[in-house]
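Peer 1: The chain contents come next:
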Amino acid sequence: MEPINGDALRGHLETLVLATLERGEAHGFEVLRRLREAGAGALPLREGSLYPALYRLEEAGLVSAEWEEGGERRGPRRRVYSLTGKGKRRLAAGREEWLRFVNVLGGIIGASG
Amino acid sequence: MKEFMIPVDRAVRPVRATERRKLRMRQELLAHLTAVFEEERARLGDDAAAREEALRRFGEPAGLTRELQASVPLLERTLQTPVHAFDRFRVLKPLFCPEPAESELRYALRLAALWGAFTVVCNVGLYLVRMGGRFPPATRRSSSWSAWPRSRGRAAPSCS
Numbered sequence: 014m015e016p017i018n019g020d021a022l023r024g025h026l027e028t029l030v031l032a033t034l035e036r037g038e039a040h041g042f043e044v045l046r047r048l049r050e051a052g053a054g055a056l057p058l059r060e061g062s063l064y065p066a067l068y069r070l071e072e073a074g075l076v077s078a079e080w081e082e083g084g085e086r087r088g089p090r091r092r093v094y095s096l097t098g099k100g101k102r103r104l105a106a107g108r109e110e111w112l113r114f115v116n117v118l119g120g121i122i123g124a125s126g
Numbered sequence: 048m049k050e051f052m053i054p055v056d057r058a059v060r061p062v063r064a065t066e067r068r069k070l071r072m073r074q075e076l077l078a079h080l081t082a083v084f085e086e087e088r089a090r091l092g093d094d095a096a097a098r099e100e101a102l103r104r105f106g107e108p109a110g111l112t113r114e115l116q117a118s119v120p121l122l123e124r125t126l127q128t129p130v131h132a133f134d135r136f137r138v139l140k141p142l143f144c145p146e147p148a149e150s151e152l153r154y155a156l157r158l159a160a161l162w163g164a165f166t167v168v169c170n171v172g173l174y175l176v177r178m179g180g181r182f183p184p185a186t187r188r189s190s191s192w193s194a195w196p197r198s199r200g201r202a203a204p205s206c207s
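So the protein lines, in turn, are chains A and B. Here the first sequence stands for residues 14 to 126, numbered as in our numbering. Here the second sequence stands for residues 48 to 207, numbered as in our numbering.
Only true hints are included.
DMTMM-like mimics (lysine to aspartate or glutamate), calculated; alpha carbons at most 20 Å apart, straight line: (1) Lys69(B) to Glu71(A); (2) Lys101(A) to Glu72(A); (3) Lys69(B) to Glu50(B); (4) Lys49(B) to Glu107(B); (5) Lys99(A) to Glu110(A); (6) Lys99(A) to Glu35(A); (7) Lys49(B) to Glu85(B); (8) Lys69(B) to Glu72(A); (9) Lys69(B) to Glu81(A); (10) Lys99(A) to Glu72(A); (11) Lys49(B) to Asp94(B); (12) Lys69(B) to Glu79(A).
Output of the computed footprint for chain B on chain A, the stretches with three or more beta carbons under 8 Å from beta carbons of chain B: (13) 54-62; (14) 68-74; (15) 88-101.
Since the hints were made in silico from the structure, they are not lab data. These numbers come from a predicted model, not from an experiment. The C-beta atom is built at its ideal place from N, Cα and C for all residues, glycine as well.
Given the sequences, and given the hints that come with them, work out the whole structure.
Peer 2: See the structure below:
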């Protein structure tokens with residue numbers, strides 16, 4: 014699939030992350046894996062950019078984060094992110110806004126003849 | 048894993064934030080890069096190619112620094128901004144810090160001498176300013192108490 018233009022994605026990354034976390038708590042790498050999987054290779058993400066987005070969401074109280082409990086995994090520690098109640102409400106609002114956007118622009122851009 | 052510390056540190060070090068926040072950024076980004084590397088190694092079967100691909104996916108450290116900076120709250124960002132006006136006083140720091148092999152007694156005496164010298168310099172400076180005429184001696188000044196009765200036509204108030 015052709016990659017989506019990066020400009021078209023701007024402003025949607027945070028809603029995309031919230032939607033990904035709706036499927037369950039995850040650490041950064043897993044969030045990215047879910048995004049890649051859902052985007053079928055069409056989402057051109059610089060992977061480092063995900064973390065500033067997660068930090069902004071956490072600062073706004075839309076996600077909460079905790080350090081992963083030490084298990085069998087070796088290597089640096091990871092933080093596990095989960096959606097808060099406020100995050101769920103923001104996601105619902107983001108979805109409505111997106112549908113309105115698609116309906117309005119789809120009617121104009123997608124109209125034929 | 049050590050080779051990934053360099054790009055992570057390049058991205059995180061310039062960020063104006065508390066050390067605690069930066070440590071967290073370092074740990075998370077390092078964990079991410081390591082996971083990407085392992086994924087790519089399993090896919091490509093070659094360490095060097097996997098490393099290259101992991102770094103490409105990670106993105107440019109300079110761009111990441113800007114994004115990380117934007118995620119730091121404004122107050123924290125402001126408090127962590129260095130004040131360059133204070134940099135010039137750093138040359139004085141060795142004077143007031145103990146030298147590596149210096150005994151405590153010698154350090155105490157050196158500090159006392161420094162503060163003594165500082166006090167003398169301040170006092171001499173003040174004396175020179177006063178002698179320069181900005182503050183004429185009291186005998187040459189007209190006292191407001193002695194001028195007051197004549198100027199107002201009333202007797203000066205008595206202290207007794």
